[in-house]
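**Q** Could you build all of it, start to finish, from the sequences and the hints given here?
Protein chains: 2
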Amino acid sequence: MAVYTEVSDEAVAEFVSEYDLGGIVAFRGIAEGVENSNYSLKTTHGDYILTLYERRVAPEDLPWFLGLMEHLAEHAIPAPRPVPGRDGESLRRLAGRYAAITTFLPGVWPRRVRQLHCAPLGEALARLHLAGAGYAPERANALGPEAWPRLLSASTPGGDAVRVGLIGELEKALGRILAGWPGRLPRGHIHADLFPDNVFFLEGKISGLIDFYFAATDLYAYDVAVCLNAWCFEPDFSCNVTKARALLGAYEAVRPLSAAERAALPVLCQGAAMRFLLTRLYDWLNTPDGALVTRKDPIEYLRRLNFHLEARDEHAYGI
Amino acid sequence: MAVYTEVSDEAVAEFVSEYDLGGIVAFRGIAEGVENSNYSLKTTHGDYILTLYERRVAPEDLPWFLGLMEHLAEHAIPAPRPVPGRDGESLRRLAGRYAAITTFLPGVWPRRVRQLHCAPLGEALARLHLAGAGYAPERANALGPEAWPRLLSASTPGGDAVRVGLIGELEKALGRILAGWPGRLPRGHIHADLFPDNVFFLEGKISGLIDFYFAATDLYAYDVAVCLNAWCFEPDFSCNVTKARALLGAYEAVRPLSAAERAALPVLCQGAAMRFLLTRLYDWLNTPDGALVTRKDPIEYLRRLNFHLEARDEHAYGI
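Residue numbers (this note's numbering), protein chains in the order written: chain L, 1297 to 1615; chain E, 1297 to 1615.
Calculated from the structure, these hints are not laboratory results. Each hint should be verified, as a subset may be incorrect.
What the hints assert, rightly or not - So the derived label-pair ranges between C-beta atoms look like this:
#, chain 1, residue 1, chain 2, residue 2, range
1, E, 1478, L, 1301, 41 to 47 Å
2, L, 1340, E, 1530, 31 to 37 Å
3, E, 1606, L, 1355, 45 to 51 Å
4, E, 1302, L, 1372, 26 to 32 Å
5, L, 1412, E, 1351, 29 to 35 Å
6, L, 1383, E, 1530, 34 to 40 Å
7, E, 1459, L, 1432, 56 to 62 Å
8, L, 1408, E, 1459, 44 to 50 Å
9, E, 1302, L, 1468, 31 to 37 Å
10, L, 1313, E, 1530, 26 to 32 Å
11, E, 1478, L, 1385, 55 to 61 Å
12, L, 1412, E, 1340, 19 to 25 Å
13, E, 1443, L, 1342, 43 to 49 Å
14, E, 1533, L, 1355, 31 to 37 Å
Quick reminder that beta carbons are idealized off the backbone N, C-alpha and C, glycines included.
**A** And the structure:
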């Protein structure tokens, strides 16, 4: 669920009056999203999304995120476009939070990933990577490999209560991942969290890519690895090679992977599984009872990690 | 939060294809509502709400609720109107649940109740009572006074851990309430849960009354008492007599209360406070850790109950 901050009707009316968006017709909390509070805002001009940035998003990063979204939208990527107020400013304050209005994107995110979703996703990811290249400012990936040892240490007390031997298993895997991590692959702006609930489809085509608040400047092929983890595993945690092949083939039709990127896919996939495993484990151990957030099971990513640790080369992913 | 049941994109597309609503443009979970799963559904024809009925709603009651909403919408009450499929049926099945599409109502619910909301609310409640009179079928109030002793017993183990002496205090109050409960006041269909999050305002006027899934056939003045509890107390739990007077005055301009109804206001308000106190207490004690539902503090209603127990007559509410 994703309404952490309630906004009074007076406050939202005053906020919207600073835009050329007409009058408010409706204002409803959206159940989706995890990090921020999201509202569906309908005005006499149309549909918009109002996001209030919660404490997990660093305020100093917000201009970078909004700038990237603006840049991508200008370059034919279906990303939410920040809507400026009459003063030209799209990053504003509301109810004690930073807040922004963005355009509404149509479509439905796939609750159950099917093979037919994977090629459009791969193509959209490659187009996102190419389009992002013109956006000059960089942002270090705060949840990249440098962060993983610290995240693992933070979960060491309590981690073995989630699963016996878990921390030792992760320490060993993390050592192997960091030792094999590729330093010199092509890099640029990546989404870094392109899970199915961040991708809208309409009539078989991608109509929206949302939630750029983990985006960063990092290895393109790591973003591919995040998507392989998020889109190509079945409910029993087996890797669906047909889906992986569809995703990778469509990606490569737009942006071919280098031989080094292909060869690095297993370790990149291990790293991507590790990243989501570690943040889920941390949240699992640190979410207070009764909190509004749904805790996600970290062990799902241990299952994926173990698949990737056994992958001998990129052929494990159908290519 | 209110998405308990996730619906696959294929399932929702198939479901919507049974209606004359055009193609799906968007489908998003709504954060509001507590009992059921609610989705905002945009089609090429417009905006709708798709509700999946969860286990707390008795399936046999659904035709009554939908029939009442239809009747009210036909009689100029801004209630959601059930939308039938091409076969004429509005109550259908989706993702293993009963489900219905209703019309979208514009407006914003007041996160902070101000005096200016209370007269429109009182007037709308009276109009709802009058309009409902033409709907013949009845539904007993499953959370009416007959249910309270059972609800209190269900919370007796554990109740004193919420607050020392709570159960004894409630037993004494409940005895007094039931002894003084008025049996012969005017009755009809009541909303029974008309809290601020169920009432949309647009430019100072009421544009929507939603969530009829606690509606029942019971005392009209009890519905007034529910609203006094829900709309006329300040964050410090003091009763705002100006708000109460505005609510009651506007109600009476449409449907005057009889002398007996006025005289019964204190005990009806005690009963309404008891009803929400008891269901919140039960949920407080029985919501598993990590559940998606936000538990609401039962003690807020103990504070209201104590106000009503001290009310000597209807003048306590500003009339």
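**Q** Now tell me if each hint is right for this structure.
**A** Outcome of the hint check:
{"no.": "1", "hint": "1478(E) with 1301(L): 41 to 47 Å", "result": "holds (42 Å)"}
{"no.": "2", "hint": "1340(L) with 1530(E): 31 to 37 Å", "result": "holds (34 Å)"}
{"no.": "3", "hint": "1606(E) with 1355(L): 45 to 51 Å", "result": "holds (48 Å)"}
{"no.": "4", "hint": "1302(E) with 1372(L): 26 to 32 Å", "result": "holds (31 Å)"}
{"no.": "5", "hint": "1412(L) with 1351(E): 29 to 35 Å", "result": "holds (33 Å)"}
{"no.": "6", "hint": "1383(L) with 1530(E): 34 to 40 Å", "result": "holds (36 Å)"}
{"no.": "7", "hint": "1459(E) with 1432(L): 56 to 62 Å", "result": "holds (59 Å)"}
{"no.": "8", "hint": "1408(L) with 1459(E): 44 to 50 Å", "result": "holds (45 Å)"}
{"no.": "9", "hint": "1302(E) with 1468(L): 31 to 37 Å", "result": "holds (35 Å)"}
{"no.": "10", "hint": "1313(L) with 1530(E): 26 to 32 Å", "result": "holds (27 Å)"}
{"no.": "11", "hint": "1478(E) with 1385(L): 55 to 61 Å", "result": "holds (58 Å)"}
{"no.": "12", "hint": "1412(L) with 1340(E): 19 to 25 Å", "result": "holds (22 Å)"}
{"no.": "13", "hint": "1443(E) with 1342(L): 43 to 49 Å", "result": "holds (46 Å)"}
{"no.": "14", "hint": "1533(E) with 1355(L): 31 to 37 Å", "result": "holds (35 Å)"}
Of the numbered hints listed earlier, not one is contradicted by the structure.
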